Amino acid sequence: MACYGELKKPSAWVAPSSEIRELKSLIKRREAILADLLREQNRKEKTLTSYTSTVVIKSITKSLKALNKQLQGIEAEISRHINNHPELKKDMELLTSIKSIGAQVGSQMLMVLRSHDFISAEQVAAYLGLVPVERRSGTSVNGRAHLSKMGSAQIRAKLYFSALTAIRYNPHVKALYERLVARGKSKMSALGAAMRKLVHLCYGVLKTGLAYDQNYLSSTSNS
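Under this note's numbering, the first residue of the sequence shown carries the number 78, and numbering increases by one thereafter.
Hints in this document: simulated from the structure, not taken from any laboratory.
Every clue listed holds true.
Quick list of in silico lysine to aspartate or glutamate cross-link-like pairs, EDC-like style, CA-CA up to 20 Å:
#1 K167 / D194
#2 K146 / E117
#3 K284 / E199
#4 K142 / E152
#5 K101 / E164
#6 K135 / E117
#7 K142 / E122
#8 K167 / E152
#9 K142 / E108
#10 K167 / E154
#11 K135 / E122
#12 K101 / D113
Source: prediction; values computed, not measured.
Throw the hints in and build the complete structure from the sequences for me.
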C-alpha cells in the first residue's frame, strides 16, 4: 500500500457532506424495507398454491401493511430531506429532467455522484459495474462481452428498468439502442449500453448544471 501511494500519489479521501451521509442512510433503509416487502410478497404468493394456516395468512397480510406504511414514510423522509437542502433539490431536479429517471433512480444517482469525486462519466459507469468485460479463454476462444457487475446490484437493477423505459421514450437512448441492435449487437448488450448512457447523462447534467435537453442531444447525435 505504501509503494502504491508513493507511485500513484492518489488524492486524499474527503468524506461526503453530512447531507449526503443522511441521504445515504435513508436510501439504505428504503432498500432494506423493499427487500423485506419482496420476501413477504413471495410468501403471500406461496399461500395461493399450498395449504397455509389462516393465522399465517393474517400475519403476512399484517406485515405487508406495516411494511408498506414504513416504505411510504421513508420515501417521504427522503423527499423532505432533499427538498430541505437547496443544492440537493437542484441536483434532483437536474437528474429527473432526464426522461426515464424517476425519484428512486434519481436519489440513488444523487447519492452516488455526490459521495465520490468522479473525474469522468466512464469512471462512474465502471464504479457501478456497467462496463463491458470480454470473456477470454487462452488466445483463440472469445466469449460475448458482459457487464462487470462490480458495483451495487441494487442500483444496477433500478437502472435496468429505467433503461427499459428509456429505449422507448428517451429519443437519445432509443436511437443508441436501435443503432446497436441494427449493427448486430444482442438486445441485452444494447440494453447495457443504454444503462451506461443514462449514467453518462446523469453525470453530465450535474457536471454542467444544465437540465437535460433532448432536442440538443438529438441534433448532436445526428450530426
